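Let's have the full structure, built from the sequences with the hints guiding it.
The listed protein sequences correspond, in order, to chains A and B.
Heads up, the first sequence is in our numbering, so the first residue is 74 and it goes up one at a time.
Heads up, the second sequence is in our numbering, so the first residue is 69 and it goes up one at a time.
To be clear, the hints were calculated from the coordinates, so they are not data collected in a lab.
Being a predicted model, the structure only gives us computed values, none of them experimental.
We put the beta carbon where it would ideally sit given N, CA and C, even for glycine.
Errors might be hidden in some of the hints.
Covered by chain A, per the in silico footprint, the following chain B stretches (three or more residues, Cβ under 8 Å) [said to hold, decoys possible]:
#1 247-259
#2 317-325
#3 449-460
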Amino acid sequence: MPAPPAPPIPPLRRAPGAAHRWLDRARHADPRWFQLTVLGSLVACGLTVLRFDLPVTQVVVTIGTALATQVACSRIARLPRVELKSALISSLSLCLLLRTSWLPLAALGSVIAIISKFAIRAHDKHVFNPTNLALAVLLATTDRVWISAGQWGSTAIFAAALALAGLVVVQRSARSDVTIAFLASYLALVFGRSLYLGEPMAIPLHRLQSGALVLFAFFMISDPRTTPDARWARLVFAALVAYGAWYVQFRLFRTNGLVWSLVAVSGLTPLLDRLIAGPRFEWDRAALPSPRRAALLPA
Amino acid sequence: MKRTIVTLASLLVAALAAASGAHAFCGFYVAKADTKLFNKASQVVLVRDGDRTVLTMTSDFPGDPKQFAMVVPVPPFITREQIHVGERAVIEHLDAYSAPRLVEYTDPDPCRPQVLYERSMTAGAPMPASAAKADRAKSLGVTIEAQYTVGEYDILILSAQQSDGLEQWLRENGYRVPEGASPILQSYLKQNMRFFVAKVNLAEQAKLGFHYLRPLAIAYETPKFMLPIRLGTVNANGPQELFVYALTRNGRVESTNYRTVKLPTGMTIPGYVKGEFGPFYQAMFAKQVADNDMHAVFLEYAWDMSSCDPCAAEPLSPAELRHLGVWWLDSPVPSDPTSRGFRPIPAPMPPGSANVFVSRLHVRYDAAHFPEDLVFQTTGDRQSFQGRYVLQHPFTGSLDCDAGRAYRQSLDTRRQEEARTLASLTGWDVAEIRRKMGFDGQGNPPPGDATPWWKSIWKE
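Spelled out as structure tokens, the structure:
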């Protein structure tokens with residue numbers, strides 16, 4: 074079938090200035106650039122101001138291994154181009170979350186994350202968020218890694234700023250519904266428990282002012298490549314992850330509830346996709362929401 | 069024999085220092101900043117592996133033992149055999165072993181760089197509750213699940229339906245329950261927790277002949293790796309001081325719901341601090357608390373129990389560790405099935421390791437900054453860490469050579485730097501620090517301990 078002719082590009086109302094052009098370009102850029110900037114700044118913050126238990130060598134090893142694995146896997150899979158952005162995002166997330174006293178395990182984390190994208194696929198998309206899977210596998214198999222949930226402190230301003238930055242990313246990648254549904258469910262569960270126990274509201278508020286929670290909500294669970302395609306399925310997915318995380322933390326009294334819950338519920342994504350169909354997400358399309366740019370696309 | 073080993077070690081160190089030009093040694097131990105520096109301090113030893121927990125509590129209760137009572141929420145029911153009255157000396161030893169420390173070095177003779185000399189410094193069964201009592205308890209919805217006398221303590225294990233009833237029962241039985249405790253008691257009750265209530269049995273105490281309160285230990289199994297601190301914030305006048313010594317098999321312990329911050333360490337500070345290490349440490353800790361908006365838990369020490377360097381006190385003996393509840397000393401394989409599960413990549417143990425890793429955490433807390441109980445996790449981190457502060461004494465001999473003159477000039481810079489470091493660590497006034505260091509009115513450092521130049525002109 075021949076492609077319909079592209080509609081004419083509407084004329085700009087005024088001649089674009091440099092600032093205007095820059096804004097326009099930023100608005101239409103791949104949201105992953107924005108994600109990379111935020112994650113990169115967080116790693117820099119963690120190394121300096123927040124004094125994470127993170128040696129610079131671990132950052133180098135994690136990122137280096139992820140990029141190398143991505144190149145190798147792309148060659149083996151004979152992909153036309155090597156996509157380094159997502160490997161960078163996964164490795165920066167690993168830097169923020171994975172703590173180990175043995176560097177080879179940091180490298181192993183990167184390898185697991187990247188290989189999982191290529192090897193564990195259903196319906197032509199990867200099943201697990203790569204960072205989350207790497208964390209889950211390592212936490213389950215060795216005593217030598219851990220996640221420092223408390224490393225962020227509980228500065229409300231910091232959490233709010235991170236949330237704001239994350240909001241832009243999820244908005245741009247058209248997956249804010251997952252984040253909002255997850256946060257709403259988790260908030261309800263945490264506040265609900267405190268209300269039931271008669272705890273002062275300072276307690277649930279303190280629990281929610283967590284950098285780890287915000288990072289998870291805006292940068293991991295919202296991964297458009299691993300969430301279900303249909304909106305309803307995504308809402309179910311988000312609520313299940315929230316309940317699972319809450320259950321692990323407040324009923325089983327174990328750590329890393331968010332990681333365990335997401336990895337378990339992600340296994341259900343192919344099923345949810347089969348039950349409720351929806352449009353498939355592609356990063357390249359997410360970058361082009363404006364009709365003006367869309368018009369330039371070959372159909 | 070021991071002295072010989074020290075000498076051998078020093079020789080090795082001398083060789084290393086000559087080769088690398090850096091200090092490969094942690095200096096000579098001078099003083100420690102133990103828990104006695106802090107008022108209203110509670111000390112808790114948490115031995116934890118898998119779900120098995122041994123909690124030992126001790127406090128510097130200053131008043132009449134008659135007025136002492138301890139109310140601790142505990143996850144499961146506690147039987148008589150799970151309670152033990154410990155020895156305070158063991159906790160004092162653990163405190164001394166892990167305390168932040170002051171060490172000192174003396175600069176080598178800059179004119180004879182190959183010669184290093186060393187000097188040694190010495191561092192110094194359930195009883196039935198009475199029927200009437202049980203009836204009254206029952207009418208208030210309180211169940212006395214068990215009542216024990218262990219050592220000098222009378223211990224009750226209580227459960228209750230409502231906190232009001234529990235509070236009233238405690239009041240009627242002579243416990244002073246602070247205002248505002250009721251909702252906290254209620255929240256623990258709703259989590260199916262019981263209360264471990266201890267008070268001193270004066271007759272038993274007189275019989276045993278102790279004039280202080282011995283630590284109380286309880287052993288239990290729970291997935292909750294936490295310390296209930298909320299009740300403590302209700303009756304406190306101002307912030308409370310808590311020291312947690314966590315003993316694990318795997319590695320360092322940190323908080324999961326508050327930031328765990330390593331104390332600044334390894335700084336060189338002016339020599340006069342030797343006489344006031346206690347005030348220095350108090351000021352530095354207060355500044356760290358303020359810098360972190362009182363929201364942090366501080367790591368003061370993390371070390372494999374098999375060693376120390378330099379030692380503020382010798383590591384605890386296996387008998388002392390067993391006394392604190394370390395049950396795995398003789399079992400290399402975890403006997404608790406919940407402890408680690410399947411772990412293809414186990415944490416490596418250094419050769420000669422006692423298989424016990426100690427973390428010393430120091431928290432200054434109040435209700436506003438620590439709204440929820442402390443929750444912990446064991447990490448796989450076995451890296452050593454200690455709060456260690458260094459005195460670097462200048463060389464005191466003749467400096468009659470080019471290197472010596474350069475050394476004397478470098479001393480001036482170093483002293484200025486030490487003054488600034490001390491000021492930034494403690495918040496003390498830098499002018500006052502300089503005055504104590506003997507700087508002159510223009511802010512110039514003193515000539516130091518270096519021999520005056522004229523003494524070397526006509527030397528024999």
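We went through each hint and held it up to the structure:
{"no.": "1", "hint": "247-259", "in the structure": "holds (count 5)"}
{"no.": "2", "hint": "317-325", "in the structure": "holds (count 6)"}
{"no.": "3", "hint": "449-460", "in the structure": "holds (count 3)"}
Of the numbered hints given earlier, the model fails none.
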